[in-house]
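Colleague: Sequence:
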Amino acid sequence: MSTSSAFSDEKGGSSSVGEPEYGHDPASGGIFSSDYKRHDDLKEMLDSNKDSLKLEAMKRIVAMIARGKNASDLFPAVVKNVACKNIEVKKLVYVYLVRYAEEQQDLALLSISTFQRGLKDPNQLIRASALRVLSSIRVTIIVPIMMLAIKEAASDMSPYVRKTAAHAIPKLYSLDPEQKDQLIEVIEKLLADKTTLVAGSVVMAFEEVCPERIDLIHKNYRKLCNLLIDVEEWGQVVIINMLTRYARTQFLNPNMNESLLEEGGGDKTFYGSDEDEDEDEEEKEKKAEAQALAKRKPYVMDPDHRLLLRNTKPLLQSRNAAVVMAVAQLYFHLAPKVEVGVIAKALVRLLRSHSEVQFVVLQNVATMTIKRRGMFEPYLKSFYIRSTDPTQIKVLKLEVLTNLANETNISTILREFQTYIKSMDKDFVAATIQAIGRCATNIGEVRDTCLNGLVQLLSNRDELVVAESVVVIKKLLQMQPEKHSDIIKHMAKLTDNIQVPMARASILWLIGEYCEHVPKIAPDVLRKMAKSFTNEEDIVKLQIINLAAKLYLTNSKQTKLLTQYVLNLAKYDQNYDIRDRARFIRQLIVPTEKSGALSKYAKKLFLALKPAPVLESPFKDRDHFQLGSLSHLLNAKAGGYQELPDWPEAAPDPSVRNVEVPEWTKCSSREKRKEKKVEKPFYSDSEGESGPTESADSESDSASSSESGSGSEESRSGSESEESESGSESEEEEEEEEEEEDEKDKKKKKKELKKPVQESESEQSSEEERKHERKVKPRKSDTESESDDEDSESESSQSESEDSESEVEVKKKKKAAESKASSKPVKKASKKEKKEMSLLDLDDFEPAPSPQVTPVNTFLSNSLVTDLEGLSLSDAVLSPATIAPSSALKSYELLHRITGEGLSVEYCFSRQPFSPDANMVAVQMQFTNSATSETKNLHIEDVKLQSGMRVKEFPEIELLPAGETATAVMGIDFCDSTQAANFQLCTHTRKFFVTIQPPVGELMRPVFLTENEFKKEQGQLMGMNEITEKLTLDAKCRNEHAIVQRVTTAANLSRVPCGSDKECRFAGRTVTSSSLVLVTVATKEEGAAQLTVNCEKMVIGTMLVKDILLALTQ
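If you're matching positions, the sequence shown starts at 1 in our numbering and goes up one per residue.
Derived from the structure by calculation, the hints contain no laboratory data. Check each hint, because a few of them may be wrong.
Here are the computed lysine-lysine pairs in the PhoX-like style, where the Cα-Cα straight-line distance is at most 25 Å [what the hints assert, rightly or not]: (1) LYS1015 to LYS1030; (2) LYS1097 to LYS1030; (3) LYS345 to LYS610; (4) LYS560 to LYS520; (5) LYS890 to LYS1036; (6) LYS1036 to LYS1084; (7) LYS890 to LYS952; (8) LYS345 to LYS1106; (9) LYS120 to LYS43; (10) LYS520 to LYS604; (11) LYS1030 to LYS345; (12) LYS219 to LYS189; (13) LYS1030 to LYS952; (14) LYS120 to LYS85; (15) LYS219 to LYS194; (16) LYS528 to LYS571; (17) LYS85 to LYS59; (18) LYS313 to LYS371; (19) LYS381 to LYS1097; (20) LYS610 to LYS489; (21) LYS531 to LYS489; (22) LYS219 to LYS313; (23) LYS337 to LYS1030.
Generate the whole structure from the sequences, applying the supplied hints.
Modeller: This is the structure:
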């Protein structure tokens, strides 16, 4: 039956327009008939005058192609319809032509004028399709036409056509590489395109045509980083891979100082010997030099490097595994070691995907775990093997588990391995036994345990298990043979049962190598082997000859005749390797007159000490390939692979990435930016994702912008220059925040342009009045100027240094204009301005500004300012009632203003006793009504809790007017767990599902102990109740004050007095069960420290260790 008739039958109708019917019987000629009638019905439909018939025919043809059927004989009939007026038909014709233009080049060339007309079509889809067909005709004669078409399409108004032009570039390049220079010009033009649709395609063209022309990327680097989040997924993969290579050539190694320390011998090699003391001294000297060098050159990350890392991080949540993998390899190759950890969670998430994805991800994880084991240690259980996993996945997971094994987790890993050995999958069992062997060689403490376990496996019924165990035991015994002669004896007995050649050969090698440990058994084994010599495999025969030679040299009385017998048998063996070995050994060990000088050294040759084999991971040398690449997967260089460049010694000039902006736009954008910066704290409170640091930075920006116009500008310049050195560590964060603000400002400017001119003018004037009012107040406060010194420094570290001159001019003009205004009108204006601003904000659906406009710092004392740096301050925090709790309260978002239709809710754990019930954690909630209408009857309903948890609701808030804020306190008994409390937050019109989940540090309250009480309690909470972790303190956290501040921020604990200045102690009790929690941070030299947590509840102790480690190391 023909394809077309089959298709029409499927559709349930009779065949259309005279379709020929073939008989079902093979003899009727349906199968053997010629093809001259094939597709006649479709050809008739394509020749008809009706567009509906043409469309139906084209749909059926495209469906055939989609099923893999050959429709090339329809080419002449289809190509005639390329000039059809009907757009639907035209589109399908182009789809067909793209598929077959390469095969039917001569016929396609006849229609080339039609394709050229299609390039001018008003419909963008037709223009793009025409270009796609044109670039699919692989004939060198039309190269100039293609070149012209690509150049025109690159300037097309439609981004879709420009994207198609980018796709055509590699096709033309592969057809005629001599066009490279002209194509590079087009690529340069398209790289400047600002649309996300084009970005991925043009970078792909860049990678195909001229990956070495890195200078084309400089000016577009920042744009590509910012567009990345909106580009389609495959474009993201291409751009990320290209930017990885770009960053390796343009930025310095962020782990420069650490790598110097490593080279200086900070860590001993994994398998290195501890014997050479001279080497240790040399290592110490190198280490000292490296540390001196590290002190001399503090590393400061380039803002553009930080921009790339920050903009790719959100893509770790992408649904596309390839994008996640691309970001993971970028972070692995480019990020500082401290930040690489973020990719672990994303990669572990991919392990829930299809087995093909798992295979690729596990290959990369296996490579990562060799260099950065700590990243994946928290996710150890994610790599446990499931019975449903395919063998290749099981083996890769085994590899990862083996790489992650260390002294602390080896017992759980070995328990896992014991269950794997019972598996029915023999390849997997063999791999498990090898993994046990590797764990034993890497971790000396468990070597004996592993050996004993493997010896027990020797009595297993499965021959493969026994054979693999023998091979691994042989390698382990080479490390300490003298201790394990009983195991060698046990293995000698197995020669009767084991038939696997490799295992038999391993046993014979062991007995021969350590024959002096088993002097009685070895000759008997040789006797048995001599009997069965002729029936053994070649590998076993070679080892029998070796055993005979070694025994002849050590015990010739008993074994002389046996050796001669074995050598005679070998002399006439079928395998020439065995015959050669026999002749060679006979001449070597049996001295005759002809034998040369070598026979004197026979003993040294055969019984020389052999180094123990190093059981290394097969992934050890794979990291020289870029992760995520095909070459890495195959462990061989694939075609088209580009090497990852080495980091440069000195940073190339960063100014090449600066894009020149016309002078007038600089001025106006700066003015607008200054006006907008006043509102920053509120934006960062509602939208900030990075918690305290982000809001702190935005606060400091607003403070500096409010003071920047005052007269103290010149007097501060000296202090600024001093601080620019000391603040180098915090520079990265500040630059990061300021760049985020730039993006926000750009969005705001777009919105402003849409507003009427009068409204924007009134806004400007009210902004200026408000700024003047701000400037009048801060002069009274000394603390303001101190913090402003730091804030202005953060602005000075901004990369846009070229704008600074125009900024100063704008400030001076504003000063002159504002100094004339009197103080009374200012106050009135500010009241009006509040109303205007809230209305404007609601138009844009931006968060409403808080009631007080004055900078935070004017209210606070000097010590409080230092404590409050790094906090997100919302307007509620300023009231005296709520400032009483601990200074380091962190706010969490419960309901976003967009989700809540204008109602936003934040909550924090106030760390105050909850008066109605002491076993509950007090949660302070702040409600802000950003909507135009009032909100009524705010209360809680439908509370869903885990067993044992309780909630004490806050009193109902009857009315919350528009633009107002209210505070309420509720109590939750979390039962000493971090499980979430779920409930509905209800207003008079809506219900919102919300969740409160506590950090483990908020589940406790401080308790005051003396030093002796602390030691006594600690003595009772040892063993399983004590968790100890070693860490390296963050550079800013090397003093006692910083440690105390970070620990008490992470957990609600109180300080315990301590006689030693090297230790900080903290104590608290869990809120529900009053279980004691003791924390000790003992500092050592060079930032090393040890964290100890003693707690009856092991789960809480484990989680608390993680949180405090994070606080002290970041």
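Colleague: Against each hint, give a clear statement of whether it holds in the structure.
Modeller: Hint check:
Restraint check for LYS1015 and LYS1030: satisfied, since their Cα atoms lie roughly 20 Å apart, inside the 25 Å limit. With a C-alpha separation of about 21 Å, the suggested pairing of LYS1097 with LYS1030 holds against the 25 Å cut-off. Taking the CA atoms of LYS345 and LYS610, the gap is near 43 Å; set against the 25 Å cutoff, the hint is violated. A hinted pair counts as satisfied when its Cα atoms are at most 25 Å apart, and LYS560 with LYS520 qualifies at roughly 15 Å.
With a CA separation close to 20 Å, the supplied pair LYS890 and LYS1036 stays within the 25 Å bound. For the hint pairing LYS1036 with LYS1084, the CA-to-CA distance comes to about 15 Å; that is within 25 Å, so the pair holds. Restraint check for LYS890 and LYS952: satisfied, since their Cα atoms lie roughly 22 Å apart, inside the 25 Å limit. The suggested pairing of LYS345 with LYS1106 holds, with an alpha-carbon distance near 15 Å, which does not exceed 25 Å.
The hinted pair formed by LYS120 and LYS43 fails the criterion: a straight-line CA distance of about 28 Å is larger than 25 Å. Of the supplied pair hints, the one linking LYS520 and LYS604 holds, its CA atoms being roughly 22 Å apart against a limit of 25 Å. With a CA separation close to 22 Å, the supplied pair LYS1030 and LYS345 stays within the 25 Å bound. As the CA atoms of LYS219 and LYS189 are separated by approximately 12 Å, the hinted pair is consistent with the 25 Å bound.
Between LYS1030 and LYS952 the CA atoms are separated by roughly 40 Å; this puts the pair beyond 25 Å, and the hint is violated. For the given pair, LYS120 sits about 14 Å from LYS85 by alpha-carbon distance, which is consistent with the 25 Å threshold. Distance hint between LYS219 and LYS194 is fulfilled; the C-alpha atoms sit about 12 Å from each other, no more than 25 Å. With a CA separation close to 19 Å, the supplied pair LYS528 and LYS571 stays within the 25 Å bound.
Between the alpha carbons of LYS85 and LYS59 the distance comes to roughly 17 Å, so the proposed pair stays at or under 25 Å and holds. Note on LYS313 and LYS371: the hinted pairing holds, with a Cα-Cα distance of about 21 Å set against a maximum of 25 Å. For the suggested pair LYS381 and LYS1097, the alpha carbons sit about 21 Å apart, so the restraint of at most 25 Å is met. At most 25 Å may separate the alpha-carbon atoms for a hinted pair to count; LYS610 and LYS489 meet this at roughly 20 Å.
Proposed proximity of LYS531 and LYS489 is supported: the alpha carbons are some 20 Å apart, at most 25 Å. This hinted pair checks out: LYS219 and LYS313 have alpha carbons roughly 22 Å apart, not beyond 25 Å. Distance restraint check for LYS337 and LYS1030: the Cα-Cα separation of roughly 17 Å lies within the 25 Å cut-off, and the hinted pair is therefore satisfied.
The structure fails to meet hints 3, 9, 13 from the earlier list, while all remaining hints are met.
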